[in-house]
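Trainee: Here is how the chains run, residue by residue.
There are 2 protein chains.
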Amino acid sequence: MTAPSTDTADANAKLAFPIIVSIDTMGGDMGPAAVVSGCSTSAKKNPKLGFILHGPQDELERLVAKRKNLAGRCMIRNAAGVVTMDDKPSHVVRNGKGTSMWSAIESVRARDADVAVSCGNTGALMALSMIRLRKLPGVNRPAIAVLWPSRNPQGFNVMLDVGADVRADADDLLRYALMGASYARNGMDLPRPRIGLLNVGTEEHKGRSELKEAYELIGAQADAAEFDFVGFVEGGDIQGDVVDVVVTDGFTGNVAIKTGEGTASLIGDLLREAFKFTPLSRLASLLAYTSMRRLKKRIDPRRVNGGVFLGLNGTVVKSHGGADATGISAAIKLAAQLSEQGFNDKLAARVARATALAEESKR
Amino acid sequence: MTAPSTDTADANAKLAFPIIVSIDTMGGDMGPAAVVSGCSTSAKKNPKLGFILHGPQDELERLVAKRKNLAGRCMIRNAAGVVTMDDKPSHVVRNGKGTSMWSAIESVRARDADVAVSCGNTGALMALSMIRLRKLPGVNRPAIAVLWPSRNPQGFNVMLDVGADVRADADDLLRYALMGASYARNGMDLPRPRIGLLNVGTEEHKGRSELKEAYELIGAQADAAEFDFVGFVEGGDIQGDVVDVVVTDGFTGNVAIKTGEGTASLIGDLLREAFKFTPLSRLASLLAYTSMRRLKKRIDPRRVNGGVFLGLNGTVVKSHGGADATGISAAIKLAAQLSEQGFNDKLAARVARATALAEESKR
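The listed protein sequences derive, respectively, from chains Z and L.
Each step along the first sequence adds one to the number in the working numbering, with nothing skipped, and position 113 is 113.
Each step along the second sequence adds one to the number in the working numbering, with nothing skipped, and position 160 is 160.
Please keep in mind that the hints were generated in silico from the structure rather than gathered at the bench.
Computed from a predicted model, the values in this text were never measured in an experiment.
Honestly, I wouldn't trust all of these hints.
Just so you know, same-sequence chains aren't split out, so a pair can sit in one copy or run between any two.
Below are the BS3-like pairs computed for lysine-lysine, each with C-alpha atoms no more than 30 Å apart in a straight line [claimed, not checked]: (1) Lys346 / Lys88; (2) Lys88 / Lys296; (3) Lys66 / Lys135; (4) Lys48 / Lys88; (5) Lys48 / Lys276; (6) Lys88 / Lys14; (7) Lys206 / Lys296; (8) Lys297 / Lys88; (9) Lys135 / Lys276; (10) Lys14 / Lys276; (11) Lys45 / Lys88; (12) Lys48 / Lys297; (13) Lys297 / Lys212; (14) Lys97 / Lys297; (15) Lys14 / Lys346; (16) Lys97 / Lys296; (17) Lys206 / Lys48; (18) Lys135 / Lys44.
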């Protein structure tokens, strides 16, 4: 982390756009130029968007000045401090004031922006978000939800938690189901999403004890919360068409997404090698170029770039650390979509209703 | 499970081959014909192999008679009972006598065969193996180890546990590391395998408490047990080249392999679709045919078909339930290789030495 220093002179100024996205321009591998370029791409596509950019004022002013379509649509909040990928979350919580990440979350807390986007250190971003935005009533453990390429008609599943916390008890898993259902409803336009609980077998007697308990809890809330509970699902169902939302603890979910990404990357490399192997296959690769591009686009993680932090008083989108302008723009698009639909307020209401229902059934 | 009835008239007969593989011919999706066909393929490739086939005598005699190269190399043990994929392990342990699975394990227990192969119900096979073969001294939880396509020079990593038990404490994880090292040494000819412990980050402070404890235990045994401990690894390293053995609990490992298989299968389907999309891409797919076959072979799960049960008094290879003759033959090849090298005795000695060392260090 570098030494913090914040200029809040323009803190009271407001941008007149329907959707304001607060953006941490530092902490990603590609630097603020890629972030500003991503904002420019998003601004072209969506006229409703305005941006609050957090980072080094001079550099951001220079970068924004180069993009004509960003004129009048950005506000810059100077924050010289940077949270690095190696900073421990606990350290950032204590000393992070004045960093671009802290400042970006602060804009959501102050309601200057509807949603924050950062490609920085995930652990630090979650820790800061929890401390500054606070958890929603009824939520003990917030979760990170991602979209995952699948055989579903919509092309993606929601999976959560993928790494906010390494533990989750049955009550947490129920909250994840409710939050995931809200996300699928608002982020993917599915009126009645199908929810599955990740396990090592689909039989009811299998798996860890907290999963059996969560199975009962989630099943009992399905009707009231308007989702279909399909029961236990396995790792092979994450890319399938039996569920829209996969619920799991953050340890398992994190291993699963990284395993899936690693597998896709290995196959991609082997595919490239295969195409280079003979003159005939090199010719084939030329002919198949557009088909391959289409496939690559279909499973390109940059297109669905953005883990969403759920269960907080405010929405935070975590973009991939290595995201380029295309990736940043995808994260902004997701943030804007959730913000426009008043997603977080709906989610909060849903969790509150479920909590009340659970309390009632205990009486 | 169907009604059992066993004929042990030929129980004292012996086959005069250096390696005897005991084979459960029932319980797989493709039936005994595929299993016998797989034996025939293996017999052609390896003249050292003899087989004890367990299942319905009449049908097996008919199937074996059709394969000239199996003449004199098979012994048939009649077992009319079949363990189905839906049978609960506890039920099979109580009532499984007379099934082909029980009978196949019995041949290893009686030392008539060196190793057993089955494509039946994994849970039942593990439960029966534990009850009949018993755990090795020093092993509390046996594990299932699989080979996984990776960027390693040998083309594969070992991962364990992938589903023998949903729990594992720090001591279990240490045993998995030792057993995985033995497997990599004997099954992949790696004199000093690199061991990694699966976690959600590579930093030492991350993850669950039992993982931090296991980290210390495994690191302390690395020199004595002749492996390199690379520390924590992530889901994306399973297909990488930083480790030869990935150690994890059976819940996480099971989700990881199924996620990896599901991802590979989705990409395969999308690839086929992409090639069908335009006349040009259809032409490309013809030109790329041999390259694609090469790629498919490289990541074909049938080539490395076989999870190995480690930590028992005897080796059991679990073949995929949907395995065809090629898959069965791969499982038999693996079984033969491990058997030939006296793998299980070496593994037992290694675990015993490590247990003594750990006891000593506690004094």
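Trainee: Hints numbered earlier in the text: which of these fail when held up against the supplied structure?
Mentor: 1, 2, 3, 4, 5, 6, 7, 8, 9, 10, 11, 13, 14, 16, 17 and 18
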